[in-house]
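Participant: Sequence:
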Amino acid sequence: MYSNRTYYAAFVRLLKYFSFFVSVFLPALYTALAQFHPEYFPTWILIKTSKSLSRTPLPVTLEVLLITFVYEIMKEAGLRIPKSLGHAVSIVGALVIGESAVSAGIISSSTLMVVATAAICSYVTSPLYPPITMLRFALVIVAGFLGLWGIVLATALILISMCSKTSLGVPYLSALSPFSLRSMRDVFVRAGWKSLSKRTIKVQNFAETEEI
Numbered sequence: 003m004y005s006n007r008t009y010y011a012a013f014v015r016l017l018k019y020f021s022f023f024v025s026v027f028l029p030a031l032y033t034a035l036a037q038f039h040p041e042y043f044p045t046w047i048l049i050k051t052s053k054s055l056s057r058t059p060l061p062v063t064l065e066v067l068l069i070t071f072v073y074e075i076m077k078e079a080g081l082r083i084p085k086s087l088g089h090a091v092s093i094v095g096a097l098v099i100g101e102s103a104v105s106a107g108i109i110s111s112s113t114l115m116v117v118a119t120a121a122i123c124s125y126v127t128s129p130l131y132p133p134i135t136m137l138r139f140a141l142v143i144v145a146g147f148l149g150l151w152g153i154v155l156a157t158a159l160i161l162i163s164m165c166s167k168t169s170l171g172v173p174y175l176s177a178l179s180p181f182s183l184r185s186m187r188d189v190f191v192r193a194g195w196k197s198l199s200k201r202t203i204k205v206q207n208f209a210e211t212e213e214i
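Mapping of the sequence shown onto my numbering: residues 3 to 214, in sequence order.
Simulated from the structure, these hints should not be mistaken for lab results. Some hints could be false.
Stated by the list, open to error - Derived Cβ-Cβ restraints for the label pairs, each shown as a range: (1) Gly171 to Arg57: 18 to 26 Å; (2) Leu150 to Pro84: 40 to 48 Å; (3) Pro180 to Leu16: 31 to 39 Å; (4) Lys167 to Ser56: 38 to 46 Å; (5) Thr157 to Pro84: 25 to 33 Å; (6) Glu41 to Leu175: 30 to 38 Å; (7) Leu170 to Ser56: 47 to 55 Å; (8) Pro180 to Leu148: 27 to 35 Å; (9) Pro133 to Val14: 15 to 23 Å; (10) Pro132 to Lys53: 31 to 39 Å.
Ideal Cβ placement from N, Cα and C applies to all residues, glycine included.
Please take these sequences and the hints and turn them into a complete structure.
Facilitator: This is the structure we're talking about:
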C-alpha cells in the first residue's frame with residue numbers, strides 16, 4: 003500500500019484491521035451472546051435470533067463449529083478441483099447446502115449469516131488465513147464454555163504470547179509494545195512520505211551483546 007495516496011492507504015489499512023477482527027471475533031462473540039448473554043442483544047434482534055435458534059436441535063456452539071467446519075471443507079474442495087468446477091462448488095455450497103440446512107431446521111439463518119460474514123472478511127487478509135482459522139475455532143470453543151469472560155481471557159493470552167515474540171531482535175508488536183509514538187506513523191494509518199522518510203529502523207543483533 004506504499005504506492006498509493008496516503009488517505010487511500012490509511013483507509014485500506016483500517017479496512018484490513020476491521021476485517022481481521024471481525025473474521026476472528028464475530029463467531030465467538032455471537033456464540034457467547036446467544037448462549038450466555040442474550041440480554042446484550044437489541045430487542046428486535048433478540049426476538050428474531052431466538053425464533054431462529056428455537057427451531058434448531060443443536061446448541062449455538064455446535065452450530066457455529068459445524069457451519070465453519072463445512073465451510074472449510076468446501077474451501078479445500080474448491081482449491082483442489084479443476085478451476086472450471088470451482089464456481090459450481092461455491093454455488094452448490096452457498097445455495098443448496100446452506101439454504102437446505104436452514105429450511106430443514108438443522109441450522110439457524112442468523113448463525114449462517116454470522117459465519118458467512120466472518121468467512122468473507124477473512125479473505126481481506128488472505129496471507130493470515132491459517133492463523134485466523136485456528137483462532138476462530140479456538141475462540142468459539144472458549145466462548146461456548148465461558149462466554150464473554152472466556153473471550154477476554156483467551157484474548158489476553160494471545161496478546162501475552164505475541165508480546166513475548168521477537169523478529170530479528172525486534173519485538174513482534176513493536177510500536178505498540180513497547181510503545182513508540184514516532185513509529186505509530188506507520189501502524190494503523192500510513193503517514194506521508196515526507197514524514198516516513200525521517201524514520202530510521204535499527205535491527206540489533208542481541209547475540210553479540212549477550213552476557214556470559
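Participant: Next, verify each hint and record whether it holds.
Facilitator: To see whether the hints hold, each was checked on the structure:
no.: 1; hint: Gly171 to Arg57: 18 to 26 Å; in the structure: violated (56 Å)
no.: 2; hint: Leu150 to Pro84: 40 to 48 Å; in the structure: holds (44 Å)
no.: 3; hint: Pro180 to Leu16: 31 to 39 Å; in the structure: violated (23 Å)
no.: 4; hint: Lys167 to Ser56: 38 to 46 Å; in the structure: holds (44 Å)
no.: 5; hint: Thr157 to Pro84: 25 to 33 Å; in the structure: violated (41 Å)
no.: 6; hint: Glu41 to Leu175: 30 to 38 Å; in the structure: holds (34 Å)
no.: 7; hint: Leu170 to Ser56: 47 to 55 Å; in the structure: holds (54 Å)
no.: 8; hint: Pro180 to Leu148: 27 to 35 Å; in the structure: holds (31 Å)
no.: 9; hint: Pro133 to Val14: 15 to 23 Å; in the structure: holds (20 Å)
no.: 10; hint: Pro132 to Lys53: 31 to 39 Å; in the structure: holds (36 Å)
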